[in-house]
Each structure stands twice: as structure tokens, then as C-alpha cells.
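Starting from the structure of chain D, add chains U, H and S where the hints point.
What follows is the residue order along each chain.
There are 4 protein chains.
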Amino acid sequence: MPSQRVLGVAVIGAGKMGADHVRRIHDVISGARVTAVADIEAERAQLLADSIEGCTAYTEAAAAIAAEDVDAVLIASPGPAHEAALSEALGRDLPVLCEKPMTPDTASAQRILEAEQRLGRRRIQVGFMRRYDAEYVQLKRLLDSGELGAALMLHQRHRNLLMPPGFTDEMLISSSVAHEVDATRWLLDQEITAITVHKPTASSHAPAGMNDPQFVLLETSAGGLVDVEIFGHCGYGYQVQAEAVCERGTVRIGDERGPRISADGRWGARIPPDYVERFEGAYDREVQTWVDATRRGEITGPSAWDGYAAAAVCEAGLVSQREGGRVEVALIERPEFYE
Amino acid sequence: MPSQRVLGVAVIGAGKMGADHVRRIHDVISGARVTAVADIEAERAQLLADSIEGCTAYTEAAAAIAAEDVDAVLIASPGPAHEAALSEALGRDLPVLCEKPMTPDTASAQRILEAEQRLGRRRIQVGFMRRYDAEYVQLKRLLDSGELGAALMLHQRHRNLLMPPGFTDEMLISSSVAHEVDATRWLLDQEITAITVHKPTASSHAPAGMNDPQFVLLETSAGGLVDVEIFGHCGYGYQVQAEAVCERGTVRIGDERGPRISADGRWGARIPPDYVERFEGAYDREVQTWVDATRRGEITGPSAWDGYAAAAVCEAGLVSQREGGRVEVALIERPEFYE
Amino acid sequence: MPSQRVLGVAVIGAGKMGADHVRRIHDVISGARVTAVADIEAERAQLLADSIEGCTAYTEAAAAIAAEDVDAVLIASPGPAHEAALSEALGRDLPVLCEKPMTPDTASAQRILEAEQRLGRRRIQVGFMRRYDAEYVQLKRLLDSGELGAALMLHQRHRNLLMPPGFTDEMLISSSVAHEVDATRWLLDQEITAITVHKPTASSHAPAGMNDPQFVLLETSAGGLVDVEIFGHCGYGYQVQAEAVCERGTVRIGDERGPRISADGRWGARIPPDYVERFEGAYDREVQTWVDATRRGEITGPSAWDGYAAAAVCEAGLVSQREGGRVEVALIERPEFYE
Amino acid sequence: MPSQRVLGVAVIGAGKMGADHVRRIHDVISGARVTAVADIEAERAQLLADSIEGCTAYTEAAAAIAAEDVDAVLIASPGPAHEAALSEALGRDLPVLCEKPMTPDTASAQRILEAEQRLGRRRIQVGFMRRYDAEYVQLKRLLDSGELGAALMLHQRHRNLLMPPGFTDEMLISSSVAHEVDATRWLLDQEITAITVHKPTASSHAPAGMNDPQFVLLETSAGGLVDVEIFGHCGYGYQVQAEAVCERGTVRIGDERGPRISADGRWGARIPPDYVERFEGAYDREVQTWVDATRRGEITGPSAWDGYAAAAVCEAGLVSQREGGRVEVALIERPEFYE
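Top to bottom, those sequences are chains D, U, H and S. For the first sequence, the positions run 1 to 339 when the numbering used here is used. For the second sequence, the positions run 340 to 678 when the numbering used here is used. For the third sequence, the positions run 679 to 1017 when the numbering used here is used. For the fourth sequence, the positions run 1018 to 1356 when the numbering used here is used.
Chain D extracted, bound-state conformation:
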């Protein structure tokens, strides 16, 4: 019988994302509470833990994960720290929600795949939160229904107002386009087999030396063609759009939300400045769904295989971005365990 017990969660990483998840678990969703917070900066961990009744601060992820009142782990530390935390959680057979990227490269991702298979049951969910956005969910449902026939192409736009200092060309692929890589795999239910990164003339509003925007072509296992415009400094807001071209119709999401104003010779509406406003509900649903499934002893979201596959595509993308031309994506054979 699934436990009615409130889930004790250890949050690994007390930075912006970790703190936001702590707030989410405490104030927004039901069924879970934060019992442990870990961060290598002791003060930051302590401050966050103090805001929650019955929550302890740790500087070692492993110690937090090992705490007695911890039933599940949410990893929101920097990518390079993920592998160790994932291994700890798997070692203790705890369910994990791990922010993307699961790990920074395919070698480490493969080690995690193997560890989870050795454990013998799936415990890892990766934080591809677009799968929980209301519009993406509707798009996915529509594609799966077959109502419009097979999806042949996918046009995606991913535009940011501007990027934080230090954001690089490589991060456009591995941090931003990574979302479209997962969305593509999930929406089409196909693996990605090749990637080509195009670099048109850079915007004069991008930092000197940065190739922004870029235009990425993905080829999929059933012959689908997917394009992604990634624009880090579009200058007007955060805009995520996707259009599926099917045999009997097309579907587009991401166009319009909220009040429509007519004023000053224009009609139109606001564009949110960042992903926090645009995808807040998706984050809430992601964590709520993970908590609910975990309490039932199930795993329902993006798996470690999804984390690995995204890493493999982004790795190939970085080669295309650096050297030009089309780069094939080499995936290991998908274990039955992940089917």
C-alpha cells in the first residue's frame, strides 16, 4: 500500500535553484517536507535550513542523503557534483529528482545508467520540466492521439531577454538547447541521430565574440527533421515556441498568454522576462508529480536514460558548433531496463 506519510526530502544545493525548490516543497505543493539541505557553503545551507521547521543543514551531500528522516533526494547542485550525489542516493536506494543536466558528459551519464541497472529498479528522474508545462502536455497528447497523423518536422524557438555574464557559445547548446533536445525526444518518441549547428551573423547586442543566435538542426531515428532557433539576447523577453508539422495539420504552442491590451497604436500582450514566470507552474507540477509518484513507490518522469541521451546529443552538438558540419550522435544500445 502506498504510504500516506509525508515525504522527507533532502535538497542538495542551496543556490538559487535549490532555494526555489525548498520554497516550492514548503509553500506550494503537498505531501512532502524538506528535512535536509546540503551545500558546500555551510552558511548558505544553514540559512536555508533555518527557514524551515525540522530541517537540518549539512555541508556534505552524502551526510544529508544518509540522514534518518530523508525519504527522497532532490539534486540542485552544479552539474559536476551530480554524479556523486546520484551515486549516494542510488547506494541508499532512494528516489531522486535530479536537475538537468543529469551529468555533464556521456561517460559519467553511462556510469549512472549502469549503477541504476545494478540496483535493479529505476530511481532517477531528471528535471526536464517542459514535460510538465500545460501547453507542452497538450501538444504531446495531441501528437500521441494520432489525430493529425505522424509528426514530420518540429520548429522550435528558444529566446531569452539576455544571458547572465559568463554565458558561452557552448552553453547555448548544453544548457539551453538541451531543453529542446529533450522536448524533441519526448514529443516525437524518437532518438536523435545527428546534429548540425549553424551560426548566422551574430547580433550586435550579443557580447563581443559570442555567436548568438544559432540555429540547430536535429535528425531523428524515424527520419524527422527538427530545427531550433536559440537566441540568447533577443532583447525583448523570454519566448519559447514549438510548432509540429504533421501529415494532416500543424500545431503551435507558446504564442499568446494573458491580457491583450490595445493602446498607443498597437494591440498585443506582455512577454514574460524570464523562465521563472513562464514555467513556474511547470516546476510546481514537476515536483508535485515526483513527490506523489515517489510516495506511491513509482517513477513516472524523465529517466536516467533521458538524461544520458540529452548529454549525448549535446556533446555531438558541441562538436558541430566547434568544427562545423553535421555530426552523428552515437548512443549505446538502449537497455531493456529503460524501455
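Any given hint could be a false lead.
[As the list claims (entries may be wrong)] Each pair of labels, with its calculated beta carbon distance range: (1) U:Asp366 with D:Asp274: 46 to 54 Å; (2) H:Gln795 with U:Ala489: 32 to 40 Å; (3) H:Gly827 with U:Ala381: 42 to 50 Å; (4) H:Ser882 with D:Ser145: 47 to 55 Å; (5) H:Asp942 with S:Gly1166: 48 to 56 Å; (6) U:Ala489 with H:Asp942: 51 to 59 Å; (7) H:Asp822 with D:Ala222: 48 to 56 Å; (8) H:Glu1011 with D:Asp274: 40 to 48 Å; (9) U:Gly354 with S:Glu1085: 38 to 46 Å; (10) D:Asp274 with H:Glu848: 46 to 54 Å; (11) U:Glu616 with H:Asp942: 55 to 63 Å; (12) U:Pro503 with S:Gly1166: 33 to 41 Å; (13) D:Asp93 with H:Gln795: 30 to 38 Å; (14) S:Gly1298 with U:Asp528: 22 to 30 Å.
Think of the hints as simulated: they come from the structure by calculation, not from any bench. Backbone N, C-alpha and C define an ideal beta-carbon position, used for all residues, glycine too.
For chains U, H and S alone, kept in the frame of chain D given last:
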């Protein structure tokens, strides 16, 4: 057999509207040419006539209408001058396109109805040009198809950037709402039986003492209810919208046109500043259609009865506006001649 | 210091709405749990209570409200039962979230106002959940900002696919338009002073004898004019729209949501079939916000005064609907307590 | 001084497109009349000529062009016949409006460029009629204004309900994408330097053996990147869209036109079945503008250079389509004559 001959048109009135029709006949549409221009200001008539080869200037409308090379008359003089010009044209059995209002009141309108009936065939078309706007035409076609069932209500919006100096409360009804009065009669194919003019708090951007916006309720012969928001100083552009509420669906026109821009934290599009840009195509189609029908010896557009009915509704509207409350519209019985 | 303790809630009424709130508190929101369920049908109460750990069933609302582990009361029983439950809760100084209508008429509403004032602090929040819908919240914020100048008019549309059997003309006002009555008062921050109900020709798809659609005019204390189309059997879905006409611009909400499909010679998108889908998020936010405020010892949502004022407007609306014409709304003077 | 004389036009080709232009000149636009019609099928030419007063039928294009009452030539015969007719017209120093493609390949296009340069003045306008579509014109104006900064990318969609029998993969490029090739050159004011044609899995609704849809990448001289989705059998209507990605904003055209219907659980609007409905106004404006310019002794539209450049890009596109990969576009140096 319909004549292939190019139609000679006398344009009565050389003001803004008259000059625009001259340009339209000369530069835009086929099958007609302007052979006479009349205006009480001799110089204005002469200037306009000089711009067209083979066109003569007159100061008397009657003289222009009587000229030998005149096959049809387009009346674009001020409303009070319409009755005389219409009578002249009818006296010579010439087809007329008469700008709205046909005449300024119902008494004169009735005299025109009688004169045309005495002539024994319909010669007058009134310039309700919304009937030629592509979107209105599609709306009309949809309502007539019965696809959505009977139309039960009509919500209309008529917003202007601002009004010219001297524009009065009365003109909001007799000059502006007059368009919706005709659109209502035409779209629903019903007469209007009562009118109520409501005056909410005036906008601080309206001229002192002017009640702007106003909200007009029209009741129709088959029990339909129609509302019109007229806003003379909405401050952001020219916006005309209509929504029909039918038994099985609703239809809205007037929302969106032209390029959609995302910039500065907003998506949206331009709103035209005035009717010239919004309804230019409708004016072109109106005059072209009148010329074509006239050359075939037919009359196809809004009739003198439509001109009369609009005048009767507006007259009642002025009473409601002045005295408050609901005012019934008294129409003479519709002559078979106009059915 | 606000309590971190999880709030024990007694849910009064185990029907459709009550059961949905139980699910919401248990599965969706944080900070509260259902400790008591009351319904006059013992079996229904028991069934619902059994689904929640630590929840007791009652047949008497008073007994549930008096239970030891109850910190707050959510009333979702039929309207006529509200007054007694509200009195019990006030008698025990418990915070209440009461579904609309607060009580079925102004006499009972006034008794509640008095009881709450005697208690000396506000405890009642009424369930006008549109105030928690993301689009309404954005509209309210925009109007309050003054960016577009004063709001002069409000056009509202409230369309249902169809109504349940037994739905009457009166319920179009007191159950459906009641939402727009509250939305009007809240958005404009004005009381409603008069109401006129118009009845155009009924749709042939409405039940025999029912006047559907209806068109309601509301006048507000600062001279605003508000119209509401209520259509119970529009036949195509659930559609709620509002447009504010301000001095420097207009704003519209409720147009578009979700994926846009192009297929079969049309582009467009789905319209939800009912309020559950359309306003699910608003219900979640309403209850979450109430729970959060209650735990802080505060009250933030629509007050008993808002419940009373809506009842007064609807009462006048029923007179206008029955007898025709404009009916003034008589409100008692607003106690300082509610300002 | 520009002639006020009505322009006598010889229409070469009496097929569907030729007959439509005859109707347009006769019924829609002002300032021109059709005085000669030529078609290799005598009966077809005669039938069309008989419908117009003062119009003579010919079976030889050269004879029609040489007729005394011919002031200008409109070429609407099949592409392979264009070169001869263009040479005749140039030989007689007559202005020409030539339907696209100007000639079927770059070799013939270059011969025409040389002939026109020998003549010493520009006489040829090519029928790229999107340059006359209201939305494209607004987009061009916006890009030229610099308001949104430089255009970095262009996303274009070109979808047809279905293609006529016999339509080939090659024609997707040379007949359909040819429009986007010209639109790209015109909108960005850059030449196209390379082309890559991608072929995703074909729709099961495309004819057996046809690769439909295809996805074309164009690179431009200033480093712009342009993608074109061409879908010949999208199955739902005719849909042409373009989105420019600029440094400070994006602009999209082609989304929405006409009445918006809410019915049957969906809101939305009609998609036209073909280009005739969608671009009718553009054709009218194209021919009217050509007639007006010709009467003034000027040439204003797409030149023979534009016809040549489009042919060169399409030729390269056919190589990419056949052999795969990216193909560079080799243009001869642009003569000053065409700048």
C-alpha cells in the same frame, strides 16, 4: 446587352471625400472616368477638374448632372445638399451613389423614397461602405449560411483615435453609430425597433462637456439585441469590431491584421490611425461594384430605403441621447418597391 | 509569530464541490489537511472521510466545526445551509472560506455581517475564485496601475456549453452573473447602483420556456457602465471573457489559451467544456491563499461585505429580470469594519 | 509629361494565368486595356479575345507584340516560351511584365540580362507578386526602417492543400520555393550564396515517391540564415508565413485573417484553400502598379536581375535536392545597370 462603354461620372462635392473618390475612379478602379466635378467653391472644383483629362468644373450640382457626358452621379457634398442633388439625378433618371447620410432627417429621406418610386425604378445606392469590407462580407455570408444558427445578439465596438474639432455628442450617433445602424440592419436582415443611448462617465481625454464614450442598445424586429460602444477619443487608434452571438457559435471580426511584432517585452501589432487605412479597400470595392452594376443597368448596393431607415434610427437615437431612456423607432411601412 | 502548524480544516458539504476541495487540500496545496467532513447524508460523509488519514465524518456541520482538531472551516454545502454553518464558525472564532453565494438573500447576508462585526474581527472569506485566476489578476493589476487611465466600461461574456437540468432563468442571474457582479465590484473598486436585465429572443437550443441568452447592464457608483452577456447554452464550450475600456486603452482577457492547430481548412484552438478545466488553477490558488493567510492569522480574500453586496445586486437583478426595466440597488451603508 | 493615354497591353498566353490577367486588366484595374492576346492554340486565343471589345487574337507571340495598338507586354505563357517573347518585346523597346520564372535556367536568364543591357534601359519586370502583398509590404517597410535592428534570420513556411497531378520534387524548389527565394533577396536586400535542401520522412499523404515536405536552408551574402519549409500536401489549406528575427525583436506575418469563429469546442478561423484567394489583392496591385509605372515611363518592380538571381538559386537548390549537402550559388557579377 450591358454597355462596354466607360461610364462618365459627375462627382458632386470637391472636398476631402469628393477628391478621394475622383482619385479612386481615375487611378484605382476600371470602367469609369470622371467627366464633371461640382462644388460651390469654384476654385476647388476647377483645381480638381484640372487634374483629370476631359473633366469639366461646375459650381452648380444641377449643371454638372445635366452635362452631356455624364452617365452617373456620385454625391459627396455635405448632407444638407444631398436632397437637391438626388432629385436632380432622379429627374434625369441617372444612377447615383450617395455618401451617407442619404439626407439628414427622415422627412427629407421620405421625399426621396417617394421620388424614386414615382420614377418607377431604383436608381439610388447609399454609401454604407462596410458592406464592402472583406471581413464584414465574410461575416454576412456566414450568418446567411445558417451554419451557426440564428443570430441572437450583436456586440459592436467603434473606436476612434480622436475626433475632429467641433464634433458633437449628436454626431456620435448620427455620423458614427450610423455605420453600426446600417451594419445591424444588413447583417441581421431585420429592422431596428427601439434604441437606448447610455452615457457612462466621460473620458477625461474627451473635450470638456462631451459625453464620450457612449453605449447604444438597439432592439430589432425579430427580438435581437444589439449593443454598440462608440468611443470618439479612445486615444490609441481606429478600431472597429463586431461579434455575432448565434445559437450554435459566435463570430468576431476586426481583431487582427498585419505583421505581429515581438519587441520591448510585448507581442502585438499595429492599429491603424483612421478609417482611411482600415477601410480603403472597402471604398475601392464599393465604387467599383457600383460602376460595374451601373454599366450592366443594375443596382446592387444599399438602397434609398436603407438610407431612410438609418436616418429614422439615428433620429430616435438623438432623442434617447438627449432625454434618456428607450425610444421606439417609427418606420413607415416598407414599400414593395424596396423589397 | 505565524504558526508553522499544518491547518486542520473541516469541510462542510460532501457533494461535488466539497469532495473537490477535499482532494485539493489533500493532493494539491500545502499547509493544510482535512480533519473533518460533514454532510447530512452520513454515507457520503463517511466515504469521503475514509479516503483521508485522520479525518472524521459528521452528519452535523456544528459537530464538525466543534471538533478539537479543526482550525478552520470550508463551507461547500448548498446555499440555504450556509448561514447556520457561518454562525457556528463565527461562534467559535474560526476562519471560514465560504463558497458563493455567501447566503441566498440580503436579509441573511446582513445578519452575517452583523455577527462578524460583533465578533470584532474579520473571519469570513467568500469563494469568488475569479479573483485568483491568473488573467483576472493581471487585469486587476493593470487597472490598478493607472497605466491606461480610469476604466469607463467593462464588457463581459459568460458562456456555457449547456446548463444542468433544472437550471432556471433566475439562476442565470443569481448563480452565473453573480461571478461578473463580484468581478465588476473588484476590478473597478466601485459598488453597483442599478441593474437592468434584457432578454433577446431565446436560442432554440435553450430549454423550452427559458430566456437564454440574457444581457445585463450594471451601473456603478462612479458612473461606470458594465454589460454582461450570459449565455447558458452557447453550444460550443465554456468561454469567459472581459474587456475593460479605459481612457487611454482597452484590455481584453479570456481569448486564447493552449495549442493552436491548423487543420481541415481552419486554424484555431480548443475551448474547454467547463469551468473545472478553465478555472482549476484559480481554485487551487484560492484555497492555498486562504490557508496561507489563515495560518498567518490574516484574512485577504473577498469579505462578507463582498458576499452581501453580490447578493443585493442579484436580488435587484431578479426584479429586473421578472418585471423588466432598470432596478436600483439599495445597499446598507458600508461599515467601517469592512473598509 | 507622363501620358494619360490608356495603355494597350498584349497578353502572351491564354491559359489560366493569362485569362486571369486579362480579366484583371479589364475589370479590376484602371489605366490599361487588353488589345492583343496570343496563344499557340488559336481557338483559346480567339475565345479570350472575343470577350474584350477591340482585342485581337494571335497565334504568334511576335505578331501580337508587333501589333500597332500594343504599348506593353504581359507574358503568361509557359516558362520555356518566355525567352523568345522577352526578346521580341525588348527588340521593340516595349515594357514587359513577365510571370515567374523569367526563364527556366540561368543560361537563358543571362542572355536576357545582356539583351536588356544592350537596349540600354530597363524594360523587364518579373512577376514576383509577394512584393505587392499588403503584409509583405509592411514587413519590408519595418525591416527597412531599422526599428528592430538588422535581420539575422528568416523563418518561412509555404504550405499547400495539395499539388496538381504531375507536380515533382524539382518543382517544389523551382516553382514553389522560388517565391521564398525572391522574398528573401528582397526582404533582406542580400544575395543568396548557398543552399541546402533537407528531405525529412515524406508525408503518407504525398504522392508515392515524392519527398514532401522539404526543408531548405539559404545562406545570404551578409551572413544571414534563412529556412523555408515547403509542404505541398499539408492537407488543410494554403498557408504562407514568414518570421524575421532581428537584433531587437521578431516580426511574423501570415497568421490570421478574417472572422474568428467559436463553435464546436474550438475558436479559430478559416484558412484559404489556395493562392488565388490569399494573394488576389497582391496580383491586382502588381499589375496596377506596373501599368501606372509604365504609363509614367518608369520601371519599379522586380527586375530581370531578380529573375536571373532566383533562377541561379533554384538551379543550385536542384543540385542540393538531388545530390544532398550544401551547394554554393554562383552569380555573375551584378552589372551596374541593375543597381
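Hint check:
Range check, aspartate 366 of chain U to aspartate 274 of chain D: about 51 Å between beta-carbon atoms, so the 46 to 54 Å window is met. Remark: the range hint 32 to 40 Å for glutamine 795 of chain H to alanine 489 of chain U is contradicted by a beta-carbon distance near 51 Å. Take glycine 827 of chain H and alanine 381 of chain U: their Cβ atoms lie about 47 Å apart, and the range 42 to 50 Å holds. Distance hint for serine 882 of chain H and serine 145 of chain D: a CB-CB separation of about 33 Å, inconsistent with the stated range 47 to 55 Å.
The hinted window of 48 to 56 Å between aspartate 942 of chain H and glycine 1166 of chain S is violated, with their beta carbons roughly 39 Å apart. In this structure the hint that alanine 489 of chain U and aspartate 942 of chain H lie 51 to 59 Å apart at CB is violated, the actual value being about 25 Å. Taking 48 to 56 Å as the suggested C-beta distance range, the pair aspartate 822 of chain H and alanine 222 of chain D conforms, at roughly 52 Å. One distance hint, 40 to 48 Å for the beta-carbon pair glutamate 1011 of chain H and aspartate 274 of chain D, holds here, with the actual separation near 47 Å.
The beta-carbon spacing between glycine 354 of chain U and glutamate 1085 of chain S, approximately 43 Å, falls within the hinted interval of 38 to 46 Å. Range check, aspartate 274 of chain D to glutamate 848 of chain H: Cβ separation about 48 Å, and the 46 to 54 Å hint holds. Between glutamate 616 of chain U and aspartate 942 of chain H the Cβ separation comes to about 33 Å, which falls outside the hinted range of 55 to 63 Å. In this structure, proline 503 of chain U and glycine 1166 of chain S meet the distance hint of 33 to 41 Å, their C-beta atoms being roughly 37 Å apart.
Our hint of 30 to 38 Å for aspartate 93 of chain D and glutamine 795 of chain H is violated, since their Cβ atoms are close to 58 Å apart. The hint said 22 to 30 Å for the Cβ distance between glycine 1298 of chain S and aspartate 528 of chain U, and at roughly 28 Å that hint holds.
Of the numbered hints stated above, those contradicted by the structure are hints 2, 4, 5, 6, 11, 13, listed in ascending order.
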